[in-house]
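2 protein chains.
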Amino acid sequence: MAQQNHDLTATTAGEVLGAYLRSQATAFLRGLRLHEERTADATDGTEAARTLRGAARRISGSLGTFRTVCESAWADGLRTELVWLSSTLADEHAYADRLARLLGALHRLSGAPGAGQAQGGLPAPRGAAAAGRGQAGPGAFGGTAGSLTVGSARAGALLERQLTLARTRAHSATLQALGSSRFHAVADAVAVLASEVPLDTVAAAGRTGDVLVPLAALAESRLDTAVSALPLIRAARPYNADALIDDGHQDSPWHDVRRLLRTHRYAQEALGADVTRLAAAGGALDRHRDAAEAAAASATAARTPRIAPATAYVLGVLHADQRHEVEAARFDFQQIWAHAARPAGV
Amino acid sequence: MAQQNHDLTATTAGEVLGAYLRSQATAFLRGLRLHEERTADATDGTEAARTLRGAARRISGSLGTFRTVCESAWADGLRTELVWLSSTLADEHAYADRLARLLGALHRLSGAPGAGQAQGGLPAPRGAAAAGRGQAGPGAFGGTAGSLTVGSARAGALLERQLTLARTRAHSATLQALGSSRFHAVADAVAVLASEVPLDTVAAAGRTGDVLVPLAALAESRLDTAVSALPLIRAARPYNADALIDDGHQDSPWHDVRRLLRTHRYAQEALGADVTRLAAAGGALDRHRDAAEAAAASATAARTPRIAPATAYVLGVLHADQRHEVEAARFDFQQIWAHAARPAGV
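Respectively, the protein sequence lines represent chains A and B.
Be aware that the first sequence starts at 1, since it is given in this note's numbering, and climbs by one per residue.
Be aware that the second sequence starts at 1, since it is given in this note's numbering, and climbs by one per residue.
Hints may be right or wrong, so weigh each one.
Said to hold, decoys possible - Listed next, the stretches of chain B that the computed footprint assigns to chain A, with coverage defined by at least 3 CB atoms under 8 Å from CB atoms of chain A: (1) 234–245; (2) 315–322; (3) 327–340.
Unchecked claim - Some residues of chain A that are not near chain B, with every Cβ distance over 12 Å (derived): (4) T46; (5) W84; (6) A90; (7) A94; (8) A153; (9) S180; (10) F183; (11) E196; (12) D210; (13) R289; (14) A340.
To be verified - To spell it out: a stretch of chain A is covered by chain B in this simulated footprint if at least three of its residues, at any positions, have a beta carbon under 8 Å from a beta carbon of chain B; those stretches are: (15) 307–315; (16) 318–326.
Think of the hints as simulated: they come from the structure by calculation, not from any bench.
Every residue, glycine too, gets a C-beta built ideally from N, C-alpha and C.
Okay, chain A solo, but in the shape it has when bound (with noise of 0.2 Å):
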């Protein structure tokens, strides 16, 4: 699928690698500084974390798919650390964007001004169906306007106060976490990998088509395999509405292929490979989580004791609205797929 822009012969695994896992770790260190910066600042530290975020995950990627051409017993060990600091890094942010997700979506729901856009044929930004959803003129929730409106803005403050107070623990979390020993020891890791990745001999000094090549194949197969199991057929009929029902684990498959995607397209990056498609399709995903999350997220705040009928009934819609969101992005995964699957041209 993807083109290798590094020589495959003339290089070897050690050099294509060792670039690669250099400059993530020169990324993660710059990431560092910003992001301490932004905390001494009090400000918002989102797209420091980001930076960090992005580069830990690709440095353990690489470590996990082309972990033979590294010292294996540092490779592992860092990766483990890389993949905690991540997914705590993670979880503030998660709370933000679901937060913002619920609330955009509720604001839509309900026919606010602002976004009179009723038809229209541009194309899609990133997925062949995610361009301009969701953009109507303005009206009521549901053909219950008024009644409903109390609903909506009390809904709308109760998922206020159940994720902001997440998003709180979170960011005393990552506080905590970016304190702790345990990090400095992973940022001191990071820092001898900017200058000096500790590689396996003999396997770094053969040729990067015989080495890495193989094992970035053997990250595409286990995707293949994985995203073969998705009910795909079903997922390219629009409207399907398979996603409203919630049998508990029908989303898992989809975040299975999400995480092996991102796997590959980082042993892609590595080897040079254009990777747009491959990040169309993860982007597709990553919405696919999202919306997946913020459904849970309204079904909990509606098993909240004590509230109000009418709020109730918006975390219904607002519960299914985000199902359907669900549905939307396996659509847009399936055509972003059935088109990258398809020669160029074609």
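With chain A's structure known, arrange chain B on it following the hints.
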């Protein structure tokens, strides 16, 4: 769009329209007889009522489109009465269908077993996206299993109570209408129509191609104007999430097209044309109307005083699900319409 079967030059307008009206009048009388037998047996009169309504709609539609070919005063009078009759007859079954649709959706959303087809590639029987919609394995309600099973059962009971009451009232109204002197006058007029159609002598003597075809073309152009006002580019983009934003009048243009499409279809039927595609497009708009009314019924039920939050939550999910079906029906209509607009074989 439709192929004419009648010879447009060898037949007169009176022959073609007369034959169509007589055959529909005969169908009306057969439906009436069936209905009387069923009522006497106290059995379900669904089929009889459908025959009656279908014939009444076709007669009134033709009297409208081809008004100038008939004795106009007579045509206007009978048409008004037939519209009254078919709308009276429609109510009872509409409530029954609405309840069945909502209980079916509740069953499906609750992940009830018995329809466990999670992936399938069979072609759609009606609209492009209609096939297999909402078939999935067993599961729980929106990730909130158990805690909302009660809500689902209560929501079902509430809808059943409200819609059964409405149906019973409509049934009484139907019985009252069928026993009225107003109805007997309609039945007498249709009985006359079955043997002798009051036509305008001059217009009826004209050739079919010169008289009926231009009148049918007028009905088609009214339809085309209404269709061109629909946001079809938007509807062609799956998961646009427009339908969930109820601004109180976004459905109206679609309902207008539904009525104009029916009029056009009956005119084409009278001319002996193949109306398969028009019927399919009309079917999508029928589903659009049914889903919109089911969503409204769910919203109405949610405004019942003193319901439990869990009940309200489920009604919210159900409302959103049916608005999702509204959007799916628009997509189906767009697909059928775009397909039908293309020349055959392209």
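Verification of the supplied hints:
no. : hint    : verdict
1   : 234–245 : holds (count 9)
2   : 315–322 : holds (count 7)
3   : 327–340 : holds (count 3)
4   : T46     : holds (26 Å)
5   : W84     : holds (27 Å)
6   : A90     : holds (21 Å)
7   : A94     : holds (17 Å)
8   : A153    : holds (15 Å)
9   : S180    : holds (34 Å)
10  : F183    : holds (34 Å)
11  : E196    : holds (48 Å)
12  : D210    : holds (39 Å)
13  : R289    : holds (14 Å)
14  : A340    : holds (19 Å)
15  : 307–315 : holds (count 9)
16  : 318–326 : holds (count 7)
This entry satisfies every hint, going by the numbered hints stated previously.
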